[in-house]
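Protein chains in written order, with the working numbering: chain A, 1 to 267; chain B, 1 to 345; chain C, 1 to 275.
No wet-lab data here; the hints were simulated from the structure.
What you are looking at is a predicted structure, and each value in this text was computed from that prediction instead of being measured.
Note that CB positions come from ideal geometry on N, CA and C, so glycine has one too.
Treat the hints with care, since some could be wrong.
What the hints assert, rightly or not - Reference excerpt, derived from the structure (chain A facing chain B, CB under 7 Å, subset only):
1) V13
2) A163
3) M165
4) M182
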Amino acid sequence: MKKLAKLSKGLYVALCFAFFYIPIFVTMLFSFNSSKSLTKFTGFSLKWYIELIENSEIMSAVWVSVSVAVLATAISTVLGTITAIGLSKNRKLIREWITNINNIPIMNPEIVTAIGLMLLFSAMKIEKGYLTMLLAHISFCTPYVITSVYPKVRSLDPSIANAAMDLGATPWQALTKVVVPMIKPGIIAGVLLAFTMSFDDFVISYFVSGNGVMNISIIVYNMTKRTNPTINALSTIVILVIFIAVLVVNIIPLLKRKRAVANEKSN
Amino acid sequence: MNTLIELKNITKTFDDQQVLKGINLKIYENEFLTLLGPSGCGKTTTLRIIAGFDESDSGELLFDGIEISKLPPYKREVNTVFQKYALFPHLNVEENISFGLKLKKTEKSVIEQKVKKMLALVGLSGFEKRDVTSLSGGQQQRVAIARALINEPKVLLLDEPLGALDARLRKEMQTELKKIQKEVGITFIYVTHDQEEALSMSDTVVVMNDGYIQQIGTPTDVYNEPENRFVASFIGESNIIEGKMVRDCLVEFDGFEFECVDKGFKENEEAEIVLRPEDIDIVKPENAKITGTVESVVFKGVHYEIMVKTDLRSYMIHTTDFFDVGLEVGLSFGPEDIHVMWKMV
Amino acid sequence: MKYFKNLVKPYVLWSSVMIIIPLFVMLLYAVTNSGNSLVNIQFTFENFKRFAEPVYLNVFVKSLKLGIITVAICLVVGYTLAYIIAQFKERTQTVLILLVTIPMWINMLLRTYAWISILSDNGIINTFLEKLGLSPISMMYTDFAVMIGQICDFLPYMIIPIHTSLSKMDKSYTEAAYDLGANPVQTFFKVTFKLSIPGVLNGVIMVFLLSISTFVIPKLLGGGQYVLMGNLIENQFISVGDWNFGSAISILLASIILLAIRWMKKIDTGENSQK
């Protein structure tokens, strides 16, 4: 009886994970197909990868995705981190006001945020393109950075920055030598979140960019009408990059902890 | 002794609440000065203004005769030991202690030497590479002191530094702190709400309440000659009785006249009288003016705390002798045991 | 206290321009009918009245229905999985939850795209059925396909919060329930489930928010004829060019989400005050 229960539980978990991973697996498998078919695997080949590299339209979309993600992550991380640090020093009223505004893009449907930004850019007569995409990405990434950094700031001893200045650090030194190193885990989480949010974004980029500026998501969306293994090849690369990044970020702290434990023991 | 810090009419308001209502205080070189008072009295704010974390609304703050109100904390020659130590958890003991010197770009070998000396001073030699989060409360406390003192400040500010320690460790650190202060020979400004701590360590005690300084004096002064009812009731236990000064050296309360040593009052001026519980002797009723019955007896370890009910009030008496409840007794005290204070307005 | 206070100022400025003003511009578009020119503004409620037209009412009802069904299925499937995962050893739990999280990090468009080749008429499932000698089933461009795509994409958002509330739950609660004579079923419904309600509500809000506003999944798996609220908005802005009506739908969508969040919070506090 117990065995049966255990077995059915295992089966359930396996089925759920199959549901999550089969599409991913299928995508990757057919990127290596030698024919154009997305249903019959006729043989292994790398031709779709070669086609991918030779496709200048896709390669420029990759460049847009990567460069926007890097820039948006860098800017929103700085903006979000200083805001989170400043928040803790402000009065409750201001703090609540800012956190509430900050929650709007998080709780609002993406498409509403996208429409809002599109209308804003059109009202300000900024031409849709790379710049509007970058501004929009900074705008939706920053709230996530703030939400991941702010709890770390709040858990700091409020005298810690004062202690640094008391010992002769200028406010800037107190920030860079003491406060930032101490909230590093929150900042790293924010960086990761911002990067993947930006890199994966479709809805907002779709509405705010134009004039031929496309990121990976937009190009995939436009190409779905004529299914094409090149997209599978692109997907495979993107999936692998994200997969490795997530794995590394999750495993490094585990390894570090292990080493720390080992060090404790050897001491 | 030279004046090192002078506060002139300092006021400070937080969110419509006036925390400091005009503080005037001179702090001397080489002095162990304690700001003593209940929470909310303004003692920590006073300390933070001296450190530069808060700015006063009005008044002057002089350091060596120079106005420093607008000077940021990192340019002041004071260092602080924080209530919860505020050690930097991402740095080890050595890195924490050398933080200030590294900012000043001090030579590496000098830093190493000084860290060693400081660790020896606070009794933590050999702890250089330890993780500060792995230290006990008392050890963290010592690191915090070393981290402040290594910068050779003219003044060390301590904000309830022993508050987080247990009673036994607190006693130990009190003696240690006093020893360290003697050794480095600088001014310590110490904030606490613990009157026993204040009396046992300080050269000067500044009693504060409600944004005002109530009394400045040596521990013996504030204990034996409290200037008003607040000081008398906050420091030690006391019987406070309303009465009047008939003339110099003669006071009247509870319907009797007593000889005393206080002078300088107007004739028949209303006053308040302090009788410390340990200054009152229990005698036979016929040998005393004030008489009553023993109401309760509680053993307090070294002495008994006895409440004696008279016609007008209950007196608290500390004595090593035991008396039965219900016994008729008399209360006796000499002229020097009576402390007459101005009545609080 | 006086230091670092000003660090919030850049973001106050930024968020006013990039978060607050867009909402006002959208609202302005929604209550006017002068198209894209902002010169001769005429206020009107026409844009909102148009929802009453059967075509749009249908879209609205369909979106709501699909959203609720998706939430329901995700809740049942997700809760079961979260509950099973929470019973494993801690280390296994970490690994399993990581595996649940990884798809969330991967571009939703790419994952949806993968389903096309699985579900299409000559796709993998039908090829498989053919080999078994069964007749093929047409799955693409149906409610089923859209639902599969939605559940696959949104299920992790349900699992994670539920697992969090289950895994931090003190074991002594269930032990106490057993001790007081509750059987496993009673224990689950009267103790475990009730204590996990905050996680459930979080998951429900997330999945509802995502499924009611999506336009990629219905477009890719439901085809051009499959119109939900998200698609309606997209059409107004990309092909029809009626920004006023598009803004009105966007505002309606945002309001629905806001109401749903309010309602869920009420349930949450109601539960708490009952205890």
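Here's how the hints hold up against the structure:
no., hint, result
1, V13, "38 Å, violated"
2, A163, "4 Å, holds"
3, M165, "4 Å, holds"
4, M182, "6 Å, holds"
In summary, the structure is inconsistent with hint 1 from the numbered list given earlier, while agreeing with all the others.
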